[in-house]
Amino acid sequence: MTFYRRQALWGLAFAAPALLLFGVIVAYPLLWAGWLSLQDYSLVGRKVFTGLGNYARLLSDPLFWKSLRNSSVWTVGVVPVVLVISLPLALALNLPLLRLRAAFRTAYFTPVVTNVVAAAFVWRWLFDPQLGPINQVLKLIGIQGPAWLADPRSALPAMMIVAVWKQIGQALVLFLAGLQTIPQEFTEAAQIDGASPGQTFWRVTLPLLNPTLLFVVVILVINALRVFTIPYVMSAGGLQWQTPGGPLDSTRVFVLHIYDVGFVRFQMGYASANAFVLMALIVLLTLIQMKLIQRPFEY
Amino acid sequence: MLNRKLILPLVVILTALLWPGHSVAQQRVTVLHWQHFHEARAAALRALQTVYQQQNTGVAIQTDLPPLAQYFDKLLTALATGSGPDVFQVRAEWMPILINGGFVAGAPESVIAEANIGDFFPWTLTPFRRGNRYYGLPTDVQHLVMYINNPLAREAGLDPARPPQTWDELVTQARRATKRDGQGNIVQAGLDTRYKWAVYSSILYQHVFPNVVNPAAKRAAWGGPQGIAAWKIVEQLLRGPAAVDSPRFLPGQRKWEAKKAVFYINHPVNRGVIEQLAPDIAYTIAPIPRTGRDLVIPARFWAYVVNSRSRNQEAAWRWVLFLTSPVGVRTWMKEAGDLPWRQSLVSYEPNAVVRDTLKFVRPVDYTGNCDPIRDNLFDAVALTTTPIEQLVAEAVAKETQCVQEALK
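Quick mapping for you: the protein sequence lines, in order, are chains A and B. Numbers in the working numbering are just positions in the first sequence, counted from 1, shifted up by 446. Numbers in the working numbering are just positions in the second sequence, counted from 1, shifted up by 4.
The hints are simulated quantities; they were obtained by calculation from the structure and are not laboratory data. Each residue gets a CB set at the ideal place from its N, CA and C atoms; glycine is no exception. Treat the hints with caution; some may be incorrect.
Said to hold, decoys possible - DEER-style ranges, computed between Cβ atoms:
| id | chain 1 | residue 1 | chain 2 | residue 2 | range |
| --- | --- | --- | --- | --- | --- |
| 1 | A | 732 | B | 172 | 53 to 63 Å |
| 2 | B | 71 | A | 661 | 29 to 39 Å |
| 3 | B | 159 | A | 725 | 52 to 62 Å |
| 4 | A | 642 | B | 388 | 50 to 60 Å |
| 5 | B | 71 | A | 501 | 28 to 38 Å |
| 6 | B | 184 | A | 642 | 49 to 59 Å |
| 7 | A | 522 | B | 397 | 26 to 36 Å |
Chain B with its partners taken away, still in its complex shape (with noise of 0.2 Å):
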């Protein structure tokens, strides 16, 4: 039984702590950040939710970070229900249809105004613009680069200090360094395609012009002959018996990580990967192999925006301002190893080819989310002997209705 003479403190302590006008913890503002799981870029944004929260005491960043395979059904699930976080992280070619379906809040002019627009890269502002507004900015700006093993490079006669200019080179280089057990089965790839989509986007947009899918037409634009020139390349390194690497050689594990690969291209944050699971491999960063003209090497990146259904829209963008600042893109630069999206930063970048190559970039075309059709074609490629054009041919009849889809 509960001694009545408590009854009293208790009700007034009680009421002390729910009181809203009286609770500190209820003057802070929560802001929900999600974005996908990278063992790089999950450092960097625990160093920037940290300072950032140092510096505005009356803010709290929650962060969730789910891996990348389901972080889409998450976000997507959660936007469709009228709910979701109030900052979150998505790939740039989807913001028309993010824009047109009113789920993303543009960025009030005064942030815009702190932000110094013009410092960024303009081709990355481009997909964020709509009139006068702006509905999201840049991070997590991504280009290729090639990784050269250097003892395993060395080991197979080659020279990382001369890496190979030309997809031919490649190929040529690639064959050298691949190694066969008695049984002809790889035991150590020349190129990692692990990452298919860095391989075939640095051939297919190196290939086609003026576009890899036409957005006011609606298709896919690689079905002629300069995207079958490139799948071709594809099928050089992939099939038959010289293949520098095969999807039944350590299927889905890191093999250039692993030191079972001597090539790997992938965008350079994976600087900050290797750094975590391979810190040993003395490496090389080259620029990926051209055609015969001059160098394009698609670039990729993602937005941070706020969601337009968000109460704390202010705070949220604020949060966007810091991370997009100098002083977050430095720190993205340095713990995760990212590109650097502001101009002013260029030279902070402590490698030259990544700092040199930035001016090829050429963005990756609005898809949709077809990746899966070029990822499955890229397999097709490996796995079955049926003739590139017509693999080409049907991946593009079911490309340019994906896109037909998604734009509709």
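Chain A on its own, in the form it takes in the complex (with noise of 0.2 Å):
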């Protein structure tokens, strides 16, 4: 035996226990589902194959194009706001001035560890049309708040801040630490040749924040199109005897939908079909914002 392939057989033998892991609870699980999504398989009855039928299905069915029309409003609504807060409070938390740092950082990053089930609970008292703090604070200032949860109009929203609020600190926190890999030399080059702080920013920090931002917006975006809880939660958590994704569905998010169809309607296959779809909606989006941002460097 070589000493190459004896090298490849130990790294092999090395690697097993990672791939037998992925394999076990990643690639069979996904090849299942893909195999599943060829059925009309109802969680206690039989399978018959129907080849691409549930993906013809989707088409004519105005659930999916309501939750899709729904994780699509929450992404371009969540993401850029939760971009547009961090990036700022990261270079005000990178300032070398700033005192207190670990504890503003610590503050902003306590709502990513708290649970989100308990966090949605209180943030559904929160938005009591009639008795929530936040209601009350607007009918000091004269302001009829609007019925949040309760109202088609203003139920997405009111979730939607939940969701910035949770990831702002995880947002954060990648960016002070995408922001503490730049070389102090470059701002400092920029600030002798005589570049005004926006200068600095637009034209150095930004640019070489590049794989830190394209990491950023990848894993919010994919959040946004896989949220479950917060909307789970905030329409039907509990004893409510409420609709998860309610009410009329205006909080039916993709993942919500997939859930309905494959655990309280039993759709497997269907349900299968809908989960392929939004795995080849994010590989499509992460691809697109890889082409986009994306700006290879090298320092």
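Take the two lone chains and join them into the complex the hints point to.
As structure tokens, this is what we get:
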């Protein structure tokens, strides 16, 4: 046995546990879901092969389009807002003169480590139309607050506010880490050359932050498309006798739709087809983001 | 370093402990039992579990009570993957699917002989029977009653002893009892409509005959004038400035138990919840309102069934037998406020209204898992101005599709 072959075998042996785990936990369920998406399969019934029938059915399913629309609104609403808030905060926390930096960082990161279900319950109470503190404060300044979660027009935006609150800390920490990897010499050189703070940010910091920015955007978009817990708990968590994704499907995001089809209506084949569409959508959007945002550079 | 002198005694002790024939614990049969959590019924189950284990020392009952919202996810995933508990609770309407799919075991003849099957209300057994075999026994048998908060009713000038007899009277009285703030927001509901199913089913099953869902034709049968008339009553309750409740008022909260509503339609088992959450409320139980004709009360019940893959089917069926025995039913009645679902126990029901209205029961039709469609229609009546006819037509089309999916 040659040295290289022996080395390859050793490498394979070391990688085997991880490969096995990947196969059992990721690859097998993925392939199985792919196979299920070609079947008409109720959770408590028999499987009947239908080919691409489930995918064709998606096109004429109003709930599919509704959930896709809601997820798109969520993504377009949440991701830019998180970026716009977290990046300036990260820049501020990166200032050498700032005191209590660790305290601020902890404060902003707290929502990330807070249990999302518990947080969603608390937010549900905050958004109560009559007794909730948010509308009480609005009332003090003479504004009649919306019905928030009880109104199809305001329910999704209310939940998006929670998603923004939950994710700012994560994006902030990532941006802060990215900012701290940028060599000080670049910004100092720009300042010596007479660049204003704005010019330094736009021409030096932001381009050098590109890998972090790309990573944060990709992660946020994936999170937005996969969101489930916040709309589920806030629309129907606890013994409320409410429909998940309500009122009137106004908060029925894509993963909630998949859950409803699979585990409420038991149409696992159709739910799997929906899940594959989501996966394709995420892959496609990630590739587009990489194409549009990624700026390869070396220093 | 282990002392060598210790090795032999250790081996002997470990062998003795692990040897199957010498283990007392392994002689016990463990029956795994799942049902959804309910404040009052959980307490009753614990009481029954204790008694049963004392009487049957060789059997251990292990219970798991997930919240209702997650119960079916857990149960059906387990069943679909060939596992699951020995005994579980399901909606009686689901029996056709479970029997056809081979998920539930038929009861041994000895169990049926002991169950004194003739003592159950006949309509509670219909879903379980296939030929001469029974695939489950009833539990959590529930019809509907109306709860009235006495002080709040009196405050509104109503007499709890003279409850509304018809839906029109309920609309009138509930409107009188509804309170609003300066901006017109409800601050006290005339009728707590949180349990939507109870409200719309009460009305629908009094209007639509002979079937609300036609299983033979696999279609929802409430799209005609009767169904529209039923939903027009919901419209009177929920739409416009005279609405008696609103999804915007304390959404998702127990308004009646929080003393923020006067009337409330729910199951008799809700007495157990009231006892736990709001024991200080003085209340009256009245029959639900009726249309012009005789009183009709929709009833829904659950089943205790045994998993066909259970290795302890005999022990599991014995446990089900105990849960549904006269002793079991009386415990459910006493601890949880359940209805008597054995005819011989009707006299033990302390409330005359609950007892007397049992004869007006109409079991609900099989709907697959299509309740969310009617729930959404209920919300749409409250939250939109779309004509009822259009909303009903759309919902009936969706439900028909849902029923066809479930029954194919």
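Using the beta carbons of residue 522 of chain A and residue 397 of chain B, state whether their distance is inside 26 to 36 Å or not. holds (34 Å)
Taking 29 to 39 Å as the hint, is the beta-carbon distance of residue 71 of chain B and residue 661 of chain A inside that range? Because 37 Å falls inside the window, the suggested range holds.
Return holds or violated for the Cβ distance of residue 642 of chain A and residue 388 of chain B against the range 50 to 60 Å. Check passed, 54 Å falls within 50 to 60 Å.
Within 52 to 62 Å: is that where the Cβ-Cβ distance between residue 159 of chain B and residue 725 of chain A falls? At roughly 58 Å between Cβ atoms, residue 725 of chain A and residue 159 of chain B fall inside 52 to 62 Å, so the hint holds.
53 to 63 Å was suggested as the range; check whether the CB atoms of residue 732 of chain A and residue 172 of chain B agree with it. For residue 172 of chain B against residue 732 of chain A, whose Cβ atoms are near 59 Å apart, the range 53 to 63 Å holds.
Honestly, do residue 184 of chain B and residue 642 of chain A meet the 49 to 59 Å range at C-beta? Holds - the Cβ-Cβ distance for residue 184 of chain B and residue 642 of chain A, about 58 Å, lies within 49 to 59 Å.
Cβ distance range 28 to 38 Å for residue 71 of chain B and residue 501 of chain A, holds or violated: holds (34 Å)
Checked against the numbered hints above, the structure violates none of them.
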